[in-house]
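Trainee: Chains as they are written, first to last, in my numbering: chain A, 1 to 286; chain B, 287 to 863.
In case anyone wonders, no lab produced these hints; they're calculated from the structure. You may find that some hints are simply not true.
Stated by the list, open to error - Some chain A residues near chain B, calculated using beta-carbon distances under 10 Å: (1) Arg86; (2) Phe97; (3) Tyr108.
To be verified - Label pairs and their in silico Cβ distance ranges: (4) Leu733/B <-> Leu88/A: 33 to 41 Å; (5) Val65/A <-> Pro690/B: 49 to 57 Å; (6) Pro421/B <-> Leu132/A: 51 to 59 Å; (7) Gln173/A <-> Glu824/B: 32 to 40 Å; (8) Leu88/A <-> Met302/B: 49 to 57 Å.
Stated by the list, open to error - Distance condition first, Cα-Cα at most 25 Å in a straight line; then the derived SDA-like pairs of lysine to any residue: (9) Lys263/A <-> Tyr411/B; (10) Lys263/A <-> Thr405/B; (11) Lys263/A <-> Tyr515/B; (12) Lys263/A <-> Gly417/B; (13) Lys263/A <-> Arg521/B; (14) Lys436/B <-> Phe424/B; (15) Lys263/A <-> Ile404/B.
By construction, the Cβ of each residue, glycine as well, lies at the ideal position given by its N, Cα and C atoms.
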Amino acid sequence: MDLFVQAVLNGVLLGLVYGLVALGLSLIWGVTDIVNLAHAEYLMWALYATYWLWALGRLDPVYAVPLVVPASALLGYLTYRLLIRRVLAAPMVSQIFATFGLLFFLRYAAFAGFGPDVHGVWGSRLEGSLALGDLYLSRPRVAAAVVSLLAYGGLWLFLHRTKPGKALQATAQDRMVAQTLGIDPDRMFALSWSLGVGTVGLAAVFLSPFYQVSPTIGDTFLLLAFASVVLGGFDSVSGALVGGVGIGLVENVLGALIAPTFKLLFVFIVFLLVLVVRPTGLLGER
Amino acid sequence: MIPALGLAVLVALPWMVADSFFLNAMILVFLFGTLASAWNLIGGYAGQLSFGHAVFFGLGAYTSTVLLSRHGVVPWVGGAVGAVLAAALSLAVGYPTFRLRRHFFALATLALGEIARITFLNWEYVGAAIGLYVPLQFRNRLSYLMWDAKPPYYLAALALGVLAVGVTAVVDRGRMGIYLRAINQDEDAARAVGLDTLRYKQWAMAVSAALTALAGTLYAQYVLYIDPYNVLTARISLLVVVIALIGGRGTVWGPVVGAAFIVLLSEYTRSTLGHLGQGYDYILFGLLIMLLALYEPRGAMGVVRRLRRRSPLPVAGAAKDRPPEAEAGPPTAEALLVARGMTKRFGGIVALDGVSLQVRRGEIVGVIGPNGAGKSTLFDCITGFQRPDAGTVEVGGLSLRHQPPHRIVHHGVVRTFQLLRIFPELTVRENLLVAQPHRAESPWAALRPSPREVEERAARWMRVVGLEGYRDVPAGELSYGQQKLLSLAMALMTGADVVLLDEPTAGVNPAVIQEVVACIRELNRGGQTFVVIEHNMEVIDALAHRVYFMADGRVLAEGTPQQVRQNPQVLEAYYGR
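The shape of chain B in the complex, shown without the other chains:
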């Protein structure tokens, strides 16, 4: 209701205020609001900071202007072509750098900006340092996007801003927003539950670049003259980041609030303090960003959110709704997960030395052994987080060789981490939604909210692990034991056939250990297969049908917990001869 009213006021504004200085300032607010919203998709939600968005802005401006001045193509088409080019370029830059730590992407985009500036400064076809004029048209104003008064530009810029905020709102409300925020917080954890993180980052980057290019086209049509100094300057790249950061990254309205604040402040201080030259307002922005980094990384929207704090945590200890006791079926003979001859070396150290392991459907397999035996490395190699030097892994007869982690989850093998990895700033419900099955999901489908049956499954797993009272609590505020339960629920949420648990009870208090054990046992009765790394022998005794004992990268013994306990090699490894 309020946004609709606000929009109506904004649409009517040019007929109420005719002041052209004000209208110009508002057009810039909308343009920079669009740019900052676009940046926010990749920089705010996905946490990949781009310092080169001026390239996409410039590409949009140059593409439409070149096509119009040299080939008479209307800017509607030119703008679309520019958006496609910008998206393609962003994918080419993102693909190699998204795999690296975030600094690399930040500096690669900065380098891209310099490359574009130098290239366009010396490229005669696009006017080099002299730039290009947009040829004036006096008819078909709408198709040529060219007017001699400010209000039409005002409306066009407003429409673009509404588009950018609309895209952001769709992302924020759909699964996409949750996925991108998960990637921002812990990319490996997102891959571990089956999310194709590269693909989602690429999507966000391409959409961001395309929106930015559209703003570039409109800007060129508005100022009617472009050169590398006004559309390809690092100043624009940096200003966009500043606006998004001050307004509040990762929120729908933050970039717009930031644009209004910064552009209006700049425009009006410049007109009154014009002789001081630009600089003073920018010093203030720099200080503000440092202060925000120290005290409120969420920007102005974070401050707003703080002012309306939500209600306190619910009281713990809600009743459990365990899955109905299924017929306790013995493990079947079907070999579900088979690893053969797994070998992994780190320099001179052999972490895994020809390890073979077989897991039957419906079984709980324990993996025990002293620290450094290679247990977690085995999990890493099975789930694609490390590439084994030799050996094969098959699930249901299908080879997992060289598959990336998310694909392995799609094939039915999921793992948890020894050092807990959840998404602390997402709520319990959102954590579970990140872990929903992603097998046939495309980024476009992820723009919709989760289907109702997925929400219901998430609610069911919350009940199973006793977290239903914490549905909307950020996972970072849970106790350590609850976080462990949450990570178990996330692994189950993926629907994988085999769940690999890396020390599910380590660091958990004894009461919660009982809960975890009971939970795993009951799920197993329902047919779920587990492989559990564990040091606590009582837990192994209570859970495992079979145990592998590992030491120094090799499997030394295999059998029931009872058998393995009495194996002389095991006794030697644990107690010495």
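Same shape as in the complex, but just chain A:
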């Protein structure tokens, strides 16, 4: 029983972080109608940034936030300016190629720069665990989950309580109508890419104390993020969070109950099953 409860807790904690990674994918998808295949490559680069700041600069991940998050947002902004903006009107196939090329570029640039080895941050301030009766919660995971929730709260307030946030939502619903209302879609697209990749940077910083980085982690995280968005539904940003928690639960609970080696297998099978069972309800289109 304890094992089960422990697995559920771990699943929720990790799922909240998945939700934060998926948030950016969902936001960019919703606003610009582009699925960024390179999404998880940003996560990988932000993890490397956090790692090198710690390894070379002795900077604890907690203090890396003000460096890594703006740098990620800038990277997202530049991606939009230099690449995405030019394929917005192109056929979907060209859009997929563009982000696929970006994926390849970012992944192998990391390969060339950092080699294939696995790196991890040790001895962060966050390390340790919290006892909760018979259960133990790892402090870095709790911190990551709390930060995810805070980021979600902040984004919710931004989207619903501020003018730029509402403009962003309007653009997501109908960019033509938004344009006639005096909203510049170009700026909104740039904003969604900055926010979307910025939140990935935040997720990376708080993943770093318990997740090791190598150049090829992208495939897994892209699928995790995409599965979260699919599972949670595409209607709202909160869908990514709910989906992320669902994915975290599938991974940890089934992993603990059946076999830990297969935990990602369960996630991907659930993902494919959702595609089979609820194909039309997923995107809410046509």
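Following the hints, position chain B against chain A.
Mentor: Coordinates of chain B only, in the frame set by chain A:
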């Protein structure tokens, strides 16, 4: 001639160059050329991007190796079994995901790759993470596909590459290539002219997977050792996509050109810059793909095509060859298309509220009404693009209930779209060939070019709508009015008994409107039945025998144009009380 010479040189090459590093590089060129050609069938022609082709590659390698090492089955048989398994798996994945937008298929195949990798890494029977050795054989080398020198492998890989390019060439020259490219450009438009798009995508996917599995078997026989890291890695899946994209998707030679460029570059940079580790060449490929997405989505072959630009557009205004004036027969009494009680709700909005409509053979029926009256929704429900909540549709007494759009075309009802839908990158002739009757056609039959009578019919419809001078011009380069005429010709090309036209003259300049009206009228004299949604009352007056007036999802009036015009409800809806 040139391909034959090239092939002769390639066959003779191992006896001219004995360098084993070079031969190894060429074997990899052929293998990856095969993989990229196979991927190109589904990813390039049909536009369904797979990021999981390593699964089929791995399945081919594992099936033949397991059968050989555990049951002594020769790889010829094992390879065939692997190809069948790969095709079956590809159908199982394609069936649910082909209905969704392309991202889903792309990511579903990526997930499939991860599932396969994790499964094989932990599956003891196939050697788990340790992998499998191909047991060495020293006799019957040809039946065991196992040699101690490179040239035989070179020839085997070359043969497989020739097979893959050959299949692609057959697809490209037959109707199949046109169909797949049409599906790539606008799937709904392809379904609207009667193409069973799911079936063709499934065919392309299964053939692609089978070819990929064969390459997997040959690879296993060549390296004699397989594990999940060398045959099931995402790196292979992604590299295949890169090769096809850089070489040029949707062309016969693109994937081969891409394989030669990328494999040779990789192999030779790795041998000279080996200490740098892999990565630098891949960064370059990533950059190249981004640049191609921005400037030349057709890859290297697109650049080649650009260099030999074709001649400019023909001059417009060629003479028309209208069908001979048939006896102007009045509409018959036979009810051809009957819709009863059609109802469709979108959430709280009732778009159609019990609409009934009857069309007699040889008639032109007009459907008029203000915007939002439900006219296009009625067409959508009749042609299977939307499923009505209630109501029935019959054609010649046969129910069309729950039939998919392409099947409804086979039963004799075809439609055009209000927002024009043609295949902009296909030529006028190819657009018409996509619309040929598909009723008794199988994907295998579609490997042949269109029969001569079909080509002749296409030529006739081109003449009827005055596009015969534009035969080989991409439809996207036509004027809007010409595109409308083309979509009319495509609807007629299907041979359907009833043609539903959704605003055939909207957005068309007045001179072309006259042309469209004359064309429809003359076709009707020849016995063709039409249902026309139209806002232009002059067009309705000139064409329609009978008119239905719709507002708020209901039919409010029915009769001759004259009668409907004077109906008080019509006047109220248009002008207010």
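Trainee: Next, verify each hint and record whether it holds.
Mentor: Results for each hint:
no. : hint                              : in the structure
1   : Arg86                             : 5 Å, holds
2   : Phe97                             : 4 Å, holds
3   : Tyr108                            : 4 Å, holds
4   : Leu733/B <-> Leu88/A: 33 to 41 Å  : 38 Å, holds
5   : Val65/A <-> Pro690/B: 49 to 57 Å  : 53 Å, holds
6   : Pro421/B <-> Leu132/A: 51 to 59 Å : 56 Å, holds
7   : Gln173/A <-> Glu824/B: 32 to 40 Å : 38 Å, holds
8   : Leu88/A <-> Met302/B: 49 to 57 Å  : 51 Å, holds
9   : Lys263/A <-> Tyr411/B             : 20 Å, holds
10  : Lys263/A <-> Thr405/B             : 11 Å, holds
11  : Lys263/A <-> Tyr515/B             : 19 Å, holds
12  : Lys263/A <-> Gly417/B             : 22 Å, holds
13  : Lys263/A <-> Arg521/B             : 22 Å, holds
14  : Lys436/B <-> Phe424/B             : 15 Å, holds
15  : Lys263/A <-> Ile404/B             : 10 Å, holds
Checked against the numbered hints given earlier, this structure breaks none of them.
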